[in-house]
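My request is simple: use the sequences and hints to build the entire structure.
When you line the sequence shown up against full-length UniProt numbering, it's residues 1 to 217, in that order.
It is worth saying that the hints were derived from the structure and are not from the lab. Cβ atoms here follow ideal geometry from the backbone N, Cα and C, with glycine treated the same way. A few of these clues could be false.
[Said to hold, decoys possible] Derived Cβ-Cβ restraints for the label pairs, each shown as a range:
1) V206 <-> L113: 18 to 26 Å
2) P150 <-> R73: 21 to 29 Å
3) E59 <-> N199: 24 to 32 Å
4) K78 <-> M153: 25 to 33 Å
5) D173 <-> E59: 40 to 48 Å
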Amino acid sequence: MQSRKGRAYFTCMKVANYCTVWTVLSTCELSGDASQLLAKKKVSSRERILRAATELAREIGPAHLSLDAVAARAGLSKGGLLYSFPTKAKLLEAVVEEYMKEHEHAMEVQETLQKGDKNRLARAFLDVYRVQADDEPPACGVLAALAEDPGFMVPVRQYHRALLDRMIKDTTDADTALIVYLAVAGLECSKLMECEILNDEEQRTVLCRLENMLTEN
Numbered sequence: 001m002q003s004r005k006g007r008a009y010f011t012c013m014k015v016a017n018y019c020t021v022w023t024v025l026s027t028c029e030l031s032g033d034a035s036q037l038l039a040k041k042k043v044s045s046r047e048r049i050l051r052a053a054t055e056l057a058r059e060i061g062p063a064h065l066s067l068d069a070v071a072a073r074a075g076l077s078k079g080g081l082l083y084s085f086p087t088k089a090k091l092l093e094a095v096v097e098e099y100m101k102e103h104e105h106a107m108e109v110q111e112t113l114q115k116g117d118k119n120r121l122a123r124a125f126l127d128v129y130r131v132q133a134d135d136e137p138p139a140c141g142v143l144a145a146l147a148e149d150p151g152f153m154v155p156v157r158q159y160h161r162a163l164l165d166r167m168i169k170d171t172t173d174a175d176t177a178l179i180v181y182l183a184v185a186g187l188e189c190s191k192l193m194e195c196e197i198l199n200d201e202e203q204r205t206v207l208c209r210l211e212n213m214l215t216e217n
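Shown next, in the form of structure tokens:
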């Protein structure tokens, strides 16, 4: 985790924090108050479960994740957890889906904040990493899903391939988009695997150089 002082390397470009927006659509004809209460309850339970799974994967290791431990961390009975996720596989599948949904939302937010049209998606991708690296723990729930079943990573690969294709199509130089994607992906993976070797100044240098590449081309 970066120190507050060490976060200076994230100041090459101002980026805005984003928050995940949970939206629950219901076709039931309930009163306004009752409908909102029901939605809030469902959202709260699901969010707590997914957060608990990710936290535990980080603390005890993906291979040791259990439904009992997740239920206890989320403050729910095991029956309450099983109501939402009947198996560990279903839980981890939801963790992966949530990772992609949150990243996609973050991309949408950062894209709206970019100035000019040049390399807009690649710059948004870079800024998403900056915000997440500064404010959020690694997505260890994704590692837990990989440990459970490598097949869970298929939609993640498809999501990132589609994102890279969009970045290349949007950019003024395909080689630059590839370099930015691979550099950011490498930083993300090193953080996820807890094998970061770059210090704050080195990371600042990398991020600023990537930004310059995107604004110069």
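message: Output the indices of the hints that this structure fails to meet, ascending.
response: none
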